[in-house]
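Peer 1: Listed below are the residues making up each chain.
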Amino acid sequence: MLKKTGLLFVLVAILVVALSGIGIAAAQDVSELTIWWAQWDPANYLQQIGNDYEAATGIKVTVVQTPWGDFYTRVGTEWAAKGTSYDLIVGDSQWVGQGVTQGHYVELTDFMNENDITGSVTPATLQYYGEYPFGSGKYYAYPTEGDANGFAYRKDLFENPDEMAAFEAKYGYALAVPETWAQLRDIAEFFTRPDSGLYGVNVYTQKDYDAITMGFENVFFSYGCNWMDETNNVLGVVNADACVQALDLYKELYNFAPPGNTNSFFQEMNDSFTNGQAAMIMNYFAFFPALNSDVNPYKDSTGYFVMPKGPDGQQFAALGGQGMSLNSYIDDTRKAAALDFLKWFAQEDVQKTWAEYGGYTCNINVLGSEEFLTQTPYNAAFAQTMTFVKDFWNIPEFGQLLAPTQSALSGFVVAGQGTAQEALDTLAEEQDAILVETGVIQ
Amino acid sequence: MAAQSSSSFTPVNYSTRVDKVGTRPMVANLMRAIIAVMLVCLTLIPVVWMGMTAFKPLKDAITVPPKVFFTPSLEGFVNLLTQRRQLNGAELDQFRQRTDLNWADQIALQQQQQIIGQSQFVSQLINSLIIAVTSTVLSVLFAVLAAYAFSRFHIPGKDDLLFFILSQRMLPAVVVTVPIFLMYRQVGLYDTHLGMILLYTSFNLSFAVWLLKGFIDEIPTEYEEAALVDGYTRLQAFRKIVLPQAMTGIAATTVFSFIFSWNEFAFALMLTQDKARTAPPQIPLILGSGGVEWSTIAAGSMAFLIPVVIVTFAQWRHLLRGVTFGAIRKG
Amino acid sequence: MSQANPPMQQAASSNARRGQRQMSDRRIMLWFILPTIILLILMNIFPLIYSLYLSFTNYSVIADKAPEWIGVQNYQAILSDSKFWLSFATTGRYALLTVILQTVIGFGLALLLRNKFKGSGLVTTLILIPMMLSPIVVATFWKMIYNPSYGIFNVLLGYTNISTAPEWLGEPDRVLWAIIIVDVWMWSPFVMLLCLAGLSAIPEYLYEAAAIDRASSWFQFRRITLPQVMPLLLIAVLFRTIEAFKQFDLVYGLTGGGPGDLTETVSIRLYRLAFSGQYDTGTSSALAYIILVVIIAISNLYIRSLNKARGG
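Chains as they are written, first to last, in the numbering used here: chain A, 1 to 442; chain B, 1001 to 1331; chain C, 2001 to 2312.
These are computed hints drawn from the structure, not numbers from a lab.
Small disclaimer: the values here were computed from a predicted structure and weren't measured.
What follows is a list of derived Cβ distance ranges for each label pair:
1) A:Q314 with C:T2160: 40 to 48 Å
2) A:L198 with C:G2071: 57 to 65 Å
3) A:W344 with B:V1133: 41 to 49 Å
4) C:E2204 with B:V1068: 41 to 49 Å
The calculated lysine-lysine pairs, modelled on BS3-like cross-linking and capped at a C-alpha distance of 30 Å, are:
5) C:K2065 with A:K82
6) B:K1067 with A:K155
7) A:K309 with A:K299
8) A:K299 with A:K251
9) A:K138 with A:K335
10) A:K335 with B:K1275
11) A:K138 with A:K343
12) A:K251 with A:K155
13) A:K155 with A:K299
14) A:K138 with C:K2065
15) C:K2065 with A:K335
16) C:K2308 with B:K1158
17) B:K1275 with A:K60
18) B:K1275 with A:K82
19) A:K352 with A:K299
20) A:K155 with B:K1059
21) A:K82 with A:K60
22) A:K335 with A:K82
23) A:K170 with A:K299
24) A:K138 with A:K352
25) A:K299 with B:K1059
26) C:K2083 with A:K251
27) B:K1067 with A:K299
28) A:K170 with A:K155
29) B:K1275 with C:K2065
Every residue, glycine too, gets a C-beta built ideally from N, C-alpha and C.
Based on the sequences and whatever the hints tell you, model everything.
Peer 2: Structure, rendered in structure tokens:
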């Protein structure tokens, strides 16, 4: 017994030591490329593209998918370990700052310029998915999956003559797809009928990572607001009067949402649409394919529209989507092989295939083609949206800035704490403190 | 259930008690039984609801108001175990023409999806099993030894040491995760089975040592003394006399350790990615392409619950007796 | 028990054997406790010392920079942050309420199930089921149950109109209770289990003596049952308090700390600081240490009263 126990213990100890000794495996032949992405349908489409690549070149492409809620943590961990588990990564736009300043991404400027990739994608996507810092002309990612917020709505309700007449009688203008946030608010109010289980609109409220900030930004940007001015100031910027109005409007929209959406993101949006509770929902275009399937009983009467305009006619949509970046920790042969794939992937006909599979291409020509625009009921709205997307911070401090933003927005919108002015005042102070501490503001 | 017979009493205990003689205790016991059964039903509603949701088609899981009656479907389980992709118009028609689809493909097709492989959940369940079983065995083994030593030998600073061991259980997972994360990254234990096994073993140990020491304390030392005088060695005495008598305690400790390792979430969330990822962090992350896949989540929860139920029910007599007689009483 | 024949050869020289046994006892003792001690030092003590060092540095695990010593700045920053105090207050309130409710309900259940009736074993086991579930699964599930649109909680409470029914996970004065209810549902059985153990160990003669003295049942409860169960009850309370302070899974799964900061317990706050998006390893290590000190202080208080209860 004694011997056995001792032996077992020694064995365990040896195992620990042995494992700790084993470093990361030595360089391999490049017969396989690994791409990391979140777990969702577009990643499956990318795997199809990868299969096409294997058929063309013999190099196997594997898309490793991690659930969304886990993706950033996983990537952060891999970065910390300077890991080489992936060659290419389809990363969120706000990661670029970290990826660049902390050295996880390889600069692709020369590669993209030399291969005429820079001009092949829409300027907005190139800027938000690939460029760091803004305006520097330095690129670190190839815009892969374009995405932004849009709205889905119930045409059967909007085009019902009785509803149209009642709406016009009440609000003095015709019921149609809203042009402005004020109209959207009216329509949401109009369709909010708790007694018959119908609610006007559903918007993001989740606190976990960035959801409520994303949702609110659609209104916030359109009201002419920004997260910081040119000198990185936030005081008086984030809490300007227009922003307070924007937040009040977002809160109103939340009040027209179906009950139970206190911590909701894209899945809950689609759920409340398919179970008939919401007349309009905000969501990323990437999640609209589900509404175009039999899961949605209103499939044939579902329409899509772009973000409405603010009071001064400004129009913005919060950016989702990801660009593809190259891991800086892999060896040069693997880097070269990965770049070969990128070059192949960026070709117009491959991008066309990508769009056919269901990916949201950022290629200008493909986006503008008649074929693409009529492929699905939402592609036209998507192509339009891609011209006015806007994103939040992509500086390395975004995580710190995001946390108080999520708290403040969720606290006011969902829990009804304080006023919009108070919420944004507190937020501005907190963000200011973070920016001062990290040296972004001198 | 509620039917009472005198045989269900332990006669010795009550025979001399004045207040328990006559019909009153019968009525009181009946009442008690009825209340207890009602409480059990109330307690189990969420679990039953989970079981029902697992067999609901996705649509029925989110109806307003909630549906109690529905046509059972295996959608949740198919979605749990497979990876699928959405089919678009042309492909869909093509798929609908096909006749070579099996039942799982059919279910996927009803959601306009094509099965393209096995989901990660299967391997995560296997990871859970490997990690939970190994760490349970190790922690019970180490704990029995340590508990025996603490119970029988004079160890300098014993009380402090024991308190130290127990106090390990007080550390919130999130508190120790950061340094363990750094340490594991250094030595290559991050996202490995061994790393998780060592971690769970050490966390289980603190509680296991305490629990088992209580049991071993209860075993009269006279038996061992006699055995030692009879020429047994310490180890023989330990193996042949102490261990058999401590079986109940060992069983109870096993159950507790297994439940902890099996259900643990925070460490697994932060210290594993995919090679050693266990099921708990994955269940709330099960997402479809559109809505929250409640049926799938429920199916996953059910699949995940089964081993614990098996272990617990196999051991429940030990578990109850274990805690009942386990007397952490004589400190 | 020891009917097996003792090995004859060992009975030969009792003196030499005693000497050997003294020696081997020491070695056995060492071998027996070493695995436990080494594992605990490796997995608990070392990380704690490491994170104590990190708590005095400016460091992020994902940045490619060595830790930079900044003294007590991290501690100052945390202690002067009102949100930190808020999350401690939330955690304290949560711990207090869950532990009180669990103690009352768990003890009540134990009294109810104390005398055996037909099927009481099964009933006891069934009541234990919530405790065996994975907290994160429980949280995910209760999130659905609480949903006013398609959940059953409000339906069971008798609300028929979903627009006037309570929004358990959204209303400021309900959301903490929503988590408390789940915690109580899950862990009252644990308190019950330990109380059952305590109850079954009460010598019957105490009640018999009381019955002969015609003591009221309240008197019996107060003077016999309660004091006798107290040590185990206190252990249950100790465990539950520590667990409540550590609570992460349930809150993470049910609300993620929201809405606003209403359910941001210290564990959630720590997680957000250490991982999710921020990776502020230095500050999070400092926060971890503060939490640790509080938990140790509370446990010490309990253990003292536990020893008192045992002594008395």
